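Novice: Same order as they appear, the protein sequences are chains E and B. Letter 81 of the first sequence, counting from 1, is numbered 81 in the working numbering, and no numbers are missing. Letter 177 of the second sequence, counting from 1, is numbered 177 in the working numbering, and no numbers are missing.
These are computed hints drawn from the structure, not numbers from a lab. Remember, it's a predicted structure, so these values are computed and weren't measured experimentally. Ideal placement from N, C-alpha and C gives every residue a C-beta, glycine not left out. Some hints here could point you the wrong way.
To be verified - Some chain B residues well away from chain E (every beta-carbon gap over 10 Å; in silico):
1. Ser29
2. Leu58
3. Thr91
4. Pro134
5. Leu204
6. Leu218
7. Ser258
As the list claims (entries may be wrong) - Simulated crosslink set (DSBU-like; lysine-lysine; CA at most 35 Å straight-line):
8. B:Lys75 <-> E:Lys116
9. E:Lys305 <-> B:Lys50
10. E:Lys305 <-> E:Lys153
11. E:Lys34 <-> B:Lys9
12. B:Lys9 <-> E:Lys153
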Amino acid sequence: MALAGISSLGQSDPKGGSHTRTPLQRFQLPVKFKPIGLIPFFGFVGLFLVWPAFSLFRLAIQPTKNSDISAMREAITGDYLDSFIYTIKLSLLTALLGVLLGSLLAASVLRIERPKWFRNFMTSFAGVAANLGGIPLAFAFIAALGTQGLITKMIDYFGVNLSDAGFRISNFAGITIVYLYFQIPLMFLIMVPAFNGLRAAWSEAAASLGAAPWQYWRYVGLPLLTPALLGGFLLLFSNAFSAYATAYALSSGGARLVPVQIRFFLQGNTITGKDNLGYALAAWMIIIMLITMTGYLFVRRRAEKWQQ
Amino acid sequence: MAAMKFIGKIWPRLYIAIAIVFFVAPLLSMARFAFQRIPMISLGKDNLFKRWTIDGLLTTLRDPEFSHSLSVSLKVAFFTVLVLLFLMVPTTLWVHLSAPRWRGVVETVTILPYVVPPIALVVGVSGTYRSIAPWFLASNYSLVPFYAILAMPFTFRSLDVGIKALDLRTLVDAAKSLGASSSRVMWNVLLPNLRTSLINAAFLTFTVVLGEFTIASLLLKRTLPMYMAEAQGSEPQGALGLGLLILVLTTILFTLVSIIRKKDSTSINVKNINVGMVP
């Protein structure tokens, strides 16, 4: 299609005589007008992302009624602080496990050369699973590991009662397992190209210089993979930290995660005069995400520089 | 030593097998719950293959509330793709053609949606638009711009990668020197060459919008995920069946996209076009 379109250009254009005007100049603007074409983009982002985000901060630092400390301060005290610690712990744990298990999965899949379709199949599946989240994922795990779940029942058959052991699909351990369902595939997708970037010649060179396999990994492989591992960790952390739908559906809205807590304030079913707290919690979430994503961009810039 | 080698050969397979069980077991459990009319308590070896039915799913699919939520979701998804492409295609092309120095800025801005989690975005949105433009939030289509924001990071990346693979300057100059107008360059030269990126971004956006729950639920819009979450209480079998159906459809969509991507990967470069133009 592209070929046909382009090869017909020369013959069939009725006003083919634009040789007098130099076409290249017609397309170029003076330097100071260059950003003009970006106005719609910046306008759109400003209106629907930046403005709401900034208003959030403005509303969060407004003085609260019936309280002498600002909402921003109150959002990191007491129960709210506990919520943040809980959410950060969960995000750190699922990110760490995701990095470890996802990288191992990528290494394992790359080791298997036949059948040929297997690698593609795993990549496609990881693409689906990494984007899976929200309501269907929560449903699947409630059916598997909920109190009446199929897997719960199978484990019970072997004599281990999950709920007696304190396991609930909506508590810390439960949410961790569910989040791994999208964290592991995401890390897999990050690590496959990273592993492929390691050339066979490098391990051969190390071996011919007398390095043991562990020495190759310790001094060559791992340092080369560090940006991908670190960037992946930060991405997985932010992925878990901002997730809402899955945790909400798993716990029927009762989870202690910050995103689920924010919902109460937006619906307004709390003590009056504390509306600002919802804004403050959201503002703190943005601050934490800002730190994480800045770290991610920094790691990626470093990695790109190294590749060139 | 031989044992070491054996372990080295066997552990990747073992690990992959465990991983596959982890990823498939929840889906199978979901299928059993959705399609078998036996409560968990009385399920045993003897009735494992009895009373399988898709009635629950059919009841849900016949529910008028379902078709309403599906049509809301499809309309919102369609307009999101439209808005996003109309915004991002010219922007990305402009960055590459006229303002390459702004590429870094634009790229950073397209990552901003990751910095503002959907839950924070929707709190900010209701804090601003609710008082200034309540009519806007009342409409189902108020979801469109925010979903476009959510899809912006991967849309920009997809287009950026597609454009980098082209020799954009040469293509535009060649078409222009043959007398093509700017719109003709866009429609007959650039868009056909970017079709893989466009299809990629469009499909991904579509699936993201169909699955999005956070913003829709807090703005009280009756989209498909909202319907599923509510149906879980009234018609749980149907809700889970629907969830599974959506998963299967999404997987098919993803596979199609990756097939298109593979088929196309050879045709996107200037060399082919030059060869085509020699005679």
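Novice: Closest CB-CB distance from B:Leu218 to chain E, is it above 10 Å?
Specialist: Given that some Cβ of chain E is not farther than 10 Å from that of B:Leu218, nearest at about 6 Å, it is violated.
Novice: Could you grab the alpha-carbon distance between B:Lys9 and E:Lys153 and see if it respects the 35 Å cut-off?
Specialist: 34 Å, holds
Novice: Assess, step by step, whether the Cα of E:Lys34 is no farther than 35 Å from the Cα of B:Lys9, and give holds or violated.
Specialist: Violated, at roughly 58 Å.
Novice: Is the claim that B:Leu204 lies outside the interface with chain E correct, judged by CB distances over 10 Å?
Specialist: About 8 Å separates B:Leu204 from the closest Cβ of chain E, which leaves it inside 10 Å; violated.
Novice: So is B:Pro134 really clear of chain E, every C-beta pair being over 10 Å apart?
Specialist: Non-interface label on B:Pro134 holds, nearest chain E Cβ at 15 Å vs cutoff 10 Å.
Novice: Does the claim that B:Leu58 lies off the interface hold, with its Cβ farther than 10 Å from every Cβ of chain E?
Specialist: Nearest chain E Cβ is 18 Å from B:Leu58, so the label holds.
Novice: Hinted pair, alpha-carbon criterion (35 Å max): E:Lys305, B:Lys50. Please report holds or violated.
Specialist: The hint is violated at about 61 Å.
Novice: For E:Lys305 and E:Lys153, compute the direct alpha-carbon distance and say whether it is at most 35 Å.
Specialist: 52 Å, violated
Novice: Assess, step by step, whether the Cα of B:Lys75 is no farther than 35 Å from the Cα of E:Lys116, and give holds or violated.
Specialist: 39 Å, violated
Novice: Would you assess whether B:Thr91, listed as outside the interface, keeps its beta-carbon beyond 10 Å of every beta-carbon in chain E?
Specialist: 4 Å, violated
Novice: So B:Ser29 supposedly isn't at the interface. Is its beta-carbon more than 10 Å from every beta-carbon in chain E?
Specialist: Non-interface label fails for B:Ser29: nearest chain E Cβ at 4 Å, not farther than 10 Å.
Novice: Please check whether the beta-carbon of B:Ser258 is more than 10 Å away from every beta-carbon in chain E.
Specialist: Its Cβ does come within 10 Å of chain E, the nearest being 5 Å, so this is violated.
The structure is inconsistent with the numbered hints 1, 3, 5, 6, 7, 8, 9, 10, 11, although it conforms to all the rest.
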